[in-house]
Amino acid sequence: MIINSIQLNLYLTLGLIFFCLGIYGVLTKRNLIGVLMSIEIIFNAANLNLIAFSRFIKANFDGQLFSLFVIAIVAAETVVALAIIIAVYKKKDTLDTGKLNLLKW
Amino acid sequence: MLSTIELFIFFILAGIGIFSALVVVSGKNMFHNILFFGLFLLSIGGHFLLLKADFLAMAQIFGYVGGIVVLILFVVMLTRNITEAEAETESTKGIVAFFITLALLVTIFYIFKITTFSILPGIVQEKSVVAIGKMLLSSRIIPFEIAAIVLLAAIVGALSVAREGSK
Numbered sequence: 001m002i003i004n005s006i007q008l009n010l011y012l013t014l015g016l017i018f019f020c021l022g023i024y025g026v027l028t029k030r031n032l033i034g035v036l037m038s039i040e041i042i043f044n045a046a047n048l049n050l051i052a053f054s055r056f057i058k059a060n061f062d063g064q065l066f067s068l069f070v071i072a073i074v075a076a077e078t079v080v081a082l083a084i085i086i087a088v089y090k091k092k093d094t095l096d097t098g099k100l101n102l103l104k105w
Numbered sequence: 106m107l108s109t110i111e112l113f114i115f116f117i118l119a120g121i122g123i124f125s126a127l128v129v130v131s132g133k134n135m136f137h138n139i140l141f142f143g144l145f146l147l148s149i150g151g152h153f154l155l156l157k158a159d160f161l162a163m164a165q166i167f168g169y170v171g172g173i174v175v176l177i178l179f180v181v182m183l184t185r186n187i188t189e190a191e192a193e194t195e196s197t198k199g200i201v202a203f204f205i206t207l208a209l210l211v212t213i214f215y216i217f218k219i220t221t222f223s224i225l226p227g228i229v230q231e232k233s234v235v236a237i238g239k240m241l242l243s244s245r246i247i248p249f250e251i252a253a254i255v256l257l258a259a260i261v262g263a264l265s266v267a268r269e270g271s272k
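Taken in order, these protein sequences are the chains called A and B. The numbers in our numbering rise by one with no breaks, and the one at position 48 of the first sequence is 48. The numbers in our numbering rise by one with no breaks, and the one at position 96 of the second sequence is 201.
Simulated from the structure, these hints should not be mistaken for lab results. Warning: the hint list may mix true and false statements.
[To be verified] Interface residues of chain A toward chain B, partial, derived using beta-carbon atoms under 7 Å: (1) Ile-23; (2) Asn-101; (3) Leu-102.
[As the list claims (entries may be wrong)] Derived coverage of chain A by chain B (criterion: at least 3 residues anywhere in the stretch with Cβ under 8 Å from a Cβ of chain B; other residues may be distant): (4) 16-22; (5) 29-41; (6) 70-80.
Think of the CB as a built atom: it goes at the ideal place given N, C-alpha and C, for glycine as much as any other residue.
Chain A on its own, in the form it takes in the complex (with noise of 0.2 Å):
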C-alpha cells in the first residue's frame, strides 16, 4: 500500500517534470513543427498519468482504454496539424511563429 503510494508519486511527478517541459516548449519555441512537438510531449504526459492511475487507483482498464483514445485523437490532430502547416508553408514561405499573422487585423 505505501509502495503503492510511492510508486504512484514517482509517476504522478515524471507527468508533472513533462508537462511543464511542454508548457515550456510551446511558450518558447520559434517554428511550428517545435509547438507541435511540444503538444505532443504534453498528451504524453496526461497518458502517462492516466495508466498510472489506472494501475494504482482503480484496477480495471478504463484508464487504458482512455489513453488509447487519447492516441488516436493525437494521430488525427498531428495529421491536420502537419497539412495546415504545409498548407502555410507554401502560402507564406516561412514557419517562424513571430511572421505568421494571417488570422490578425
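Let chain A serve as the given structure and place chain B on it in line with the hints.
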C-alpha cells in the same frame, strides 16, 4: 511489488525521457529535435510496459514512433530552411516562460502533495490485451466506432487542406 530492479529501470527511463524532452524543447537543430522526440516516445512506451500496459506500449510504438515521427520528419524535409526560424528566441520571453513554467510546476506539485489518493492495496491485473479487446467490442463499442470516423475525417480533411494551396 516494487523490486529494486523495477525502480532502477524506472529511473533510467525517466532520465532518458527528461533528457530527450529537454533536447526537444530547447535544441536548435530541427532534425535532432525530431530524433530525440522519437527517443522520448520510446521511453514513454517503456514506462507503459513497466506499468503492465503492454497493449498501450505497442500502440505507442506503432502509432507514435512508427507513424507520427515519420510524418513530422517528412514535413520537415518538404519544407526548406526550416531551421532558420529556430535561431533566435528573445531572452526575455524565455525567462518569463521559464518562471511561468516553474510556478506551474510548484503549484501542481503542491496540489498532489496535499491530496490523498485512495490507493489499492495490491494489484493483480489480468492480461490487458484480452481485457481491452473485449471492452472495445462490447461495452465501449460506440466510442471505438466514433474514433474510427474521426480518423477517417482527419485523413480527408488533411488531404483537402494540404492540396488547397497547390493550384
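Results for each hint:
1. Ile-23: The hint holds - A:Ile-23 has a Cβ within 7 Å of chain B, the shortest such distance being about 5 Å.
2. Asn-101: Violated - the Cβ of A:Asn-101 stays beyond 7 Å from chain B, reaching only about 14 Å at its closest.
3. Leu-102: violated, 12 Å
4. 16-22: Held - the region 16-22 of chain A has 7 residues with a Cβ nearer than 8 Å to chain B, which meets the minimum of three.
5. 29-41: holds (count 10)
6. 70-80: holds (count 10)
Comparing the model with each numbered hint stated earlier shows that hints 2, 3 do not hold.
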